[in-house]
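Student: Assembly of the complex is requested from the two constituent chains, each provided in isolation within its own frame, with the hints serving as guidance.
Here is what each chain is made of, one letter per residue.
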Amino acid sequence: MKIEKSVIAALLVLVVLTAGVIAATNDPERVGTTDVTVCCQKTVSGLLCQDVLENECATDSEFALPTSCESTGPCDPGYCYDSEEGTCLDNVPQMVCNNEGGTWSSDKPAACNLGCCILGDQAAFVTLVRCKRLSSFYGLDTNFDPDSESAAQCILQAKADEKGACVYEEDFEKTCKFTTRSACDPDSLNGHSQTDTSGGNLFENVGGTTDGTGEDTAGDSTSGDTTSGEDVQPSPTGCQNIAEGIEFCPGMLCSAEELNTNCGPTKDTMCVEGKEEVYFKDTCGNPANIYDASKVNDDTYWTYIIDKAESCMPGSANIDSQTCGNCYYLLGSYCGASGIGAAKPTYGTNVCIDLNCPASDMTGGVKRLHGESWCGFDTDRDFSFQENAQSYEDNVAKSFKEALASLHSGGGIGADFKGSDVPVGSKFYRYICSHGEVLVEPCADFRQEECIENNVAGYSEAACRVNRWQDCTAIYTKLDCENTDQRDCVWLEGIQYVLMGGLSNGTVLDKSSLAAAKEEIKKFKSGDRELGGCVPKTPPGLKFWGTEEGDNAEAASICSQANAMCPVTYEKGLVGGGWECVENCECLDEGLQLQRAQLCMAMGDCGPKVNYIGSSGRTAGYKIFEEDLKKKK
Amino acid sequence: MNKNNYKQNLYRRGMEKRGQTTAYIILAIVIVVFGIIVYFLYPRIGSILGTDTQPGDYMKACIAPAVDEGLSIISKQGGYIDPEGYILYQGQKVKYLCYTTHYYQPCYVQQPLLVSHVEKELSEYLESKARTCINDLKKYNEERGYEVIGGNTVDVDVSITQKVVGVTVTAPITFKRDSTQEFRTFKFGKASEMYSLLMTAVSIVDFESTYGDSETMIYMQYYPELQLRKNKLIDGSTVYSIKNVKTAEEFTFASRSLAWPGGLGFTA
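Residue numbers (this note's numbering), protein chains in the order written: chain A, 1 to 633; chain B, 1001 to 1268.
Bound conformation, chain B alone (with noise of 0.2 angstroms):
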């Protein structure tokens, strides 16, 4: 081989090379395009590609986002979506689950039955979102040639149970085309451990209300899995974080219980 031989062959492996990273480039965009396609056509995708798409996948495609924002919301919260009664910390609502007023005095609860409550407020959360996705499917199953009876009344339930936070939707809806289906309800479950930091939460509101104060040492090593922050504050709230460090779920509330004044707080 001789000296020009060699220069070309090292060219057209530079050409090869560049080439092939220009298809890389290609490739990578494309795929990218067909995520961002994906996403935002999901659950409609299926009606694109000419498959129909389950109503029940379809809800359950349409409602989870709406799950995970309700779920977020209420946890850095203290269990409340739009809640009254609460501190400003690092910009955020954070409701009291115990208060008092006074000096030296334990708290009086302010929410208790809390996994309810926040059933409760979780399921009025979905409920807009619901009416909205049942909706969406009696339109999208219309425009599949379906005819379309019910899903007028749309009814949100929620349950929160160890590890599991279901949802169940129920709009009683038929569709008619070549055969009929008649849905009654639609059933969701996401795995998560609110359950048990709700229930934390609940037995450090017991000993707030209690005893004035808590240990989070003691949840810490009972629970491996759990990790809390406690921050006493200067007005004598104290603001509460429990996380589970697998899952990273956090829930957040606040309290005001044997608060200590400056000196000896006799003056307001």
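This is chain A alone, in the form it adopts within the complex (with noise of 0.2 angstroms):
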């Protein structure tokens, strides 16, 4: 005959206690999803429209709803029409947006529709308003194609227009302004001091010429009143009458000899606003063609438009170069000063300046380019491949494999198996080349978002992207686990990696945890469940501190999800001899304790993890007890 005796080996994961870096803030006000709020006119800390706790709303707010402000009336979020600027934001509050002088609806209105807005040789996909505002700001007629679909189409529309010599009388003088044909018409010339509008504009923000700023501007002056025409000079070849007075010469350049205007080459440049070339500038202060030293005498240059692939040094950065302005902005050069012991120009002030940020420890030790982003971490960690599932099941075995042969050999299981590689506080960032300058964006905090990072050619772009981590321990099957389209999650295959679904509160087992697990023993049977445990590919960051009781609840909870037990029978012979294990007995291994610890530090910030310096908590992170199931029943 021989005594039974069930123990019941179970992990048992406590958070890993870290120091958080919290940002000095004045505390506004926020809520979590469970607590009981008001609409807020007005908060204690004057944020307007809050759904917020009620002794969060000020004293002199209007009201203090017990409803959402979504359902409020003066709350209610709609359409805010600017009609001065011509702008529209979503999301406004019915009293914000007329208080503050704007028009609110519920719906879209009609006025909010973008469209194209060509302004010279530039684009703005705006609304109608704004674009006869912008439109205003340089002097030119409305040109608005609501048809346009989006904002590409509506820069290639702009690309389109043609570019040439302006020609027209001004104070009895022949003169010329190199813009578009549309440009060039009597409304646009009279009372313009602009020369040109251009480069492609995906919002708004348009530009005339800049060439230098000055500090003091009238506010109210205006310039170019232009003179009816009298006796019109014969026409030189390809000119068009545009109006009386005015003709328009394709393709030519405003220095042209044969145009007889008072306009001719010099030997400055300039640099023009949405350009990234460097230009000759005639005498009357239009652009010409695109700065090369070696064309400054040259009559032909100074005539006809040259195309930026037939100047200069083509395809290059062209960076201080003394005698090429040819600059290249995805290459990183554009226009600018010479500055103070930089490369000066043969000719004018103006060089291709260089934006691109030297190699350096942010920028990884290599040279980026402007415009140029990639990712990092608070740790070392390799973006030059996006993991995969295999990947990360790889480094799982990986670590777990060369933890467990330090364990046999007296040594401890050392920070890298703790999660060094996803440690607590750690978080993403995206680093940017920007003007020579490496600027860091960090990612959400909570690794609640990831960086990503694609490179081609030697160009990275990297980007911020949501961790979609929620529903991971919710999912039974690798399939639906790994699918990329719902979820960033990984699959861990093996018994030992199987999720129990929060068993136990973290410190006892109860009837009711028991009957649970039984539960899910039933789905593996019918087939609802695969044996592995499907987890987050980035384990989030938890909130598992706080000051008052329940702070750390829901962190306590997500780690809990890896909480397991295992049955294991002893037996013990009725004369003599010791306990000795018959059955499960793999669960009393260090090597499946060890797995399991991996499965809770997948969960998140769980387990005997370290955080982003390296320290680990004042405790293991996890614990492993043994109890009589026997006394259970």
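These are calculated hints, taken from the structure and not from any lab test. Since this is a predicted model, take the numbers as computed values, not measurements. C-beta: ideal position from N, C-alpha, C; glycine also. It is possible that some hints are incorrect.
Stated by the list, open to error - Covered by chain A, according to a simulated footprint, are these stretches of chain B (three or more residues, beta-carbon under 8 angstroms):
no. : stretch
1   : 1079 to 1087
2   : 1104 to 1112
3   : 1174 to 1185
4   : 1210 to 1218
5   : 1233 to 1245
6   : 1253 to 1266
Tutor: Next comes the structure, spelled out in structure tokens:
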């Protein structure tokens, strides 16, 4: 006869304690999903139309209604139209919009419809009123196409507008403006002080020629009063009569001798807003062709427009070139004033300035182009490939083997095992090279966003993307788990990684926990569950600290999903001998216990993890204990 | 030339050089002192030198520093002189232009019509300064023997447009001496990229309130003169700084939209 003794070996997980870094704020209101809130017109910190706890409403708040702001008339979010600027904003509370003088509507008004606004050779994808406003800034007629479908199409429309010399008379003198055909008309020329609008624009912000900025700009100054034409000179070849006294000469520069205007070549250069290249400047202040020192006295070069591709050194950045101003923005050069200590151009004062970032620790030791972006993390991480499910599993297996070997040889499990690849408090960053400077953009805290990177031909682009980890542990099959269209999870194969759904509260085992475990076992038999666990590919950070009771309840509940129990059967002979394990003895193996610890860490900031400076928590991070199952029955 | 003469010459040259150095130092001190005097006395310097400063120039010189100061405060604090509903970021109050208390939801716009608001805010900031300037102008002209009529009502209007911040001070005032000079408004324009910075902020707020986040790279790609800094903080707030790299003007504001909690955020 044998006496049986059942023992439960369970890995109970405790949250790693670590020091969180909290931003210093004046702590404006924010609420959790379970708080009972009111819609408050004004909160104590001065925010408008917010769902807050009642005691966070300002004393002078017009109302504090026991409903959500979304369904409260004055705070109903909708569209707010600014009739002066011609802009629309969505999600604006009604009273906020009205109080500021805007026009509010719950549905998108027709005035908010976007179209293509052509401004010289620039374009903006904006509303009609915005188009009128922008056109007025440049003294141009409104040219709006409501049927344009996208910003990209709009820019193409602008590029299609032909450029050339617009010849007209001013103060009884024949003069010229380098512009587009559509901008070469009496209205645009009259009272227009800008010479060119250029460059593609997605939203708006179009600009005129910038050639130095005057500190003191008279707000009411106007210039360029066009007199009506008297005797128009015979048109040179190709020039077309636009209106009385106005001719447009496509493909020609204002400095062309045959146009007989008062504009001629100079040895000066200029930068044109929205354009990357350095341009020669004529005596009237118009841009001519791209600066090429060898062509400064070339009459043809001062007569016809030469394409960028046919100008000096096309396809090169020409950074700090003394002789060529064919800058290339995508390669990190842009027209700018030659700085102190920088190379001086042979003519003029502008060169292709360098916008790229030199190699440094922040750039990963390589030179980065302007506009390039790449990923970073608080610890070393290889972003050159995007981690897939297989590589994740391989890493888990490798880490486990190393830790086990270390343990068998008498060493500790080490920081590598303790989640040093995703330590507590760590987050992702996006680095951007901009104007020779590396900008750091943190992704969302708690690893709720992760950085993804793509590198094509040495040019890297990165972005912070939402980490969709939330439903991983509710998935029971490998196929669903690794469906990257829906979630960012990985499947850990094997019974040792089976999640038992928050078994026990982390301290004791009770009857309901055992009953729940039995239910789960049934699912394996029916095929609803596969042997393994679905865990977040990037474990999220958890808020495991706080001053009040229950502050870390959610963290504890997430971590406890990795709790497990394993019924081990022991036997003891009637006569002599000790207890011997006869069933599920592998549960007593430290290897399996390590794997459960791995699973625990995969839940989030759980288990024996280290923090981002490599320090372990005050406790082991998990607990293994035995209980006599017989007593529970 | 014997050895002694040579030494004497060397000594004399040394003395001459020392004398020259002293003269340069004195000259430099004179220039610096003159600069300081001009700095502190302008625009009254005209009066001291016996020439009349035109009222328009006087007003411009008087109010221009306040315009710079006002713009500087406003641009650091999200368009407000004294903001409510702000985040304290690096010791600076930064106004939330869009905010939600909730997790997972896009924000509610807190400040639509941003350009008009900044115009109003700057006007209010300049009003007391303009009043002081008008009073100083009256006093200055009275000291010059003018009879001053009016100047009791002062109104400031600010207009922010493409590349210009325009300030119009309306203060009907008349100066009488040999002839009569009547002034109704004083206009002053300052070259500034504030308008495009504000419109970029409006565009970002639009993205934040509609989608919950914005992509800074597109602005930098389309507008080579812009540099955007975006800093996400642990409470879900984002602080944006939009800078024009040519003029070094900057506009900073905050937003809390599509905030993520630690974990699932089911507890407060």
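Student: Indicate, hint by hint, whether the structure satisfies it.
Tutor: Evaluated hints:
1. 1079 to 1087: holds (count 5)
2. 1104 to 1112: holds (count 7)
3. 1174 to 1185: violated (count 0)
4. 1210 to 1218: Holds, because 5 residues of the stretch 1210 to 1218 of chain B bring their Cβ atoms closer than 8 angstroms to Cβ atoms of chain A.
5. 1233 to 1245: With 6 residues closer than 8 angstroms to chain A, the stretch 1233 to 1245 of chain B meets the three-residue bar; holds.
6. 1253 to 1266: holds (count 9)
Hint compliance for this structure: hint 3 alone is broken.
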